[in-house]
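Residue numbers (full-length UniProt numbering), protein chains in the order written: chain X, 1 to 204; chain P, 1 to 204.
The set of hints was computed from the structure by calculation and includes no laboratory data.
Among the clues, some could well be false.
Repeated chains share a single entry, so a pair holds when one copy, or any two copies, can fit it.
Below, in silico cross-link-like pairs of lysine to aspartate or glutamate (EDC-like), each with a Cα-Cα straight-line distance of 20 Å or less [stated by the list, open to error]:
hint	residue 1	residue 2
1	Lys152	Asp198
2	Lys62	Asp21
3	Lys62	Asp128
Number of protein chains: 2
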Amino acid sequence: MTTASATPKSPRRGRPGYDQDSVLEIAVRVFNRHGYDATSMGMLAEELGVSKSAIYHHVPSKGDLMRLALDHALAPLEAIGESEGATSGSTIERLEFVLRSTIAVLIERQPYVTLLLRLRGNTDIERDALRRRRAVDHTVTDLVVAAQAEGKVRSDVEPRTTTRLMFGMINSLVEWYRPDGPASPAQVEETAIAMIVDGLRARS
Amino acid sequence: MTTASATPKSPRRGRPGYDQDSVLEIAVRVFNRHGYDATSMGMLAEELGVSKSAIYHHVPSKGDLMRLALDHALAPLEAIGESEGATSGSTIERLEFVLRSTIAVLIERQPYVTLLLRLRGNTDIERDALRRRRAVDHTVTDLVVAAQAEGKVRSDVEPRTTTRLMFGMINSLVEWYRPDGPASPAQVEETAIAMIVDGLRARS
Chain X
1 MTTASATPKS
11 PRRGRPGYDQ
21 DSVLEIAVRV
31 FNRHGYDATS
41 MGMLAEELGV
51 SKSAIYHHVP
61 SKGDLMRLAL
71 DHALAPLEAI
81 GESEGATSGS
91 TIERLEFVLR
101 STIAVLIERQ
111 PYVTLLLRLR
121 GNTDIERDAL
131 RRRRAVDHTV
141 TDLVVAAQAE
151 GKVRSDVEPR
161 TTTRLMFGMI
171 NSLVEWYRPD
181 GPASPAQVEE
191 TAIAMIVDGL
201 RARS
Chain P
1 MTTASATPKS
11 PRRGRPGYDQ
21 DSVLEIAVRV
31 FNRHGYDATS
41 MGMLAEELGV
51 SKSAIYHHVP
61 SKGDLMRLAL
71 DHALAPLEAI
81 GESEGATSGS
91 TIERLEFVLR
101 STIAVLIERQ
111 PYVTLLLRLR
121 GNTDIERDAL
131 RRRRAVDHTV
141 TDLVVAAQAE
151 GKVRSDVEPR
161 TTTRLMFGMI
171 NSLVEWYRPD
181 GPASPAQVEE
191 TAIAMIVDGL
201 RARS
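Isolated chain X (complex conformation) (with noise of 0.2 Å):
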C-alpha cells in the first residue's frame, strides 16, 4: 500500500475490520444524525470504536467520506435519465419511468440520498453535488415541458414548479419509508405514480 501515491478515488484501501465502503456507511448515518458540520472525525472514530488515524487510513479527510458519500447517491441517479427507458417510447412514458426510477434509487441508496437532499451548500463539495443534482431535475423539467408540448400534461400547470412538487413528493421518501411501514416499496411507488399522474379523485 503506497500510501503516499493514493488518491481518495482509489477502490478499498485494505484494513482488517473496515473497508472504505463501511466506514462510508457509518459515516453517512453520524453525518444525517449531526449534520455534516457538527460532525468531526472524532465523532466518526469513535462510532467506529477505532483510532482517527485508522480512519485517515480509508480516507484523507471528512470532505473525501462526504463526496464519496454524494456520489453514492448522484451515480445511479444520474444514470436513469441516460438509461433506455428514459431516452425512447412517449415522452409521458419516459417521465413515469424516470419517476419510477427514482423512487426505487432512493429507497435502494435512502441514507445516502437523505445526505444529498439535506445539503446546504456550505463547501465546494456540497455545492459541486447540488450541482449535479440540479442538472438530474433539468432533464425531467424538460421532459414535462414536452410531454405538454404534445397535450399529455395539463397546460395550466408551469413545469418548473410541478417538476419541483413531483420531487418534493418523491424526494420526501427518504425522510419517511421504512422497510417494515404500512406499504412496499411496490405500492409506495404505485401510490406516488397514481397520484402524481391521475389524482386522487375517485373516477367512476
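Please arrange chain P on chain X, whose structure you already have, making use of the hints.
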C-alpha cells in the same frame, strides 16, 4: 424588568436594537444554515453583532430560541385543523382546505417551517415539536380515510402513505419556494392541488 422571575415564555424582554422576534428571526436563519447542533450562542452573537450576554437578555438559552422558533411554525399549522374550513363541509372539501391552508402557512412562515421540517429529534424540545407535527399529519390521514370511505378518494391508495406523499410534496416548498421565482404563491397552490386531486394527465 425582573430578570430573576422572567420565564422564556414572557413576551418581549425589551432592549434597544433588537426585540425577541428579531433575535429569533436571525437565530432561525443561522440554525437553518449550519444546523442547530453546530450553532453556538457565540455564532449567534456574532451574526447579531452583539455580545453573548445581550442575547441572554432576550432568551435564557439556545434551546429556548429553538422552542420559540418551532412554535412559530407549529401554532399556525395546528390552528388550521381547528378552523371552520377543516371541520365543516364534505371531507374532500375539508382535505383541500387543509392542504391549501398548509401551503399558505409554509410560504408565510418559511424559515420557521424549514427548521421544523429538518429536525432530527436529538433533544426533548425537538421530540416535542415532532410529536405536535405528527398530530397535525394525523388529522390529514383521518380526512383521507373518511374521504375514501365516502368513495370520494380512490380506493387503491394507502391513506398513511398518501398523507406522507402529499405532505412531502407540499413541505418541499420551504426548500425551494422563492418570492422572486417563476410562480406566485397562488400558482404554486393551484399546481399542487391540481396534481394531488386530479393528476398531471391532460383530460379532454
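Query - Lys62 and Asp21: within-copy, between-copy, both or neither at 20 Å Cα - result: Within one copy, since 14 Å is at most 20 Å while 36 Å is not.
Report task. Using 20 Å as the alpha carbon limit, work out where Lys62 and Asp128 are close: within a copy, between copies, both or neither. Result -> Only inside one copy: Lys62 and Asp128 sit 16 Å apart there, 32 Å across copies, limit 20 Å.
Query - Up to 20 Å CA-CA - Asp198 versus Lys152, copy category - result: both (12 Å within a copy, 14 Å between copies)
In the structure shown, no violation is registered for any of the earlier numbered hints.
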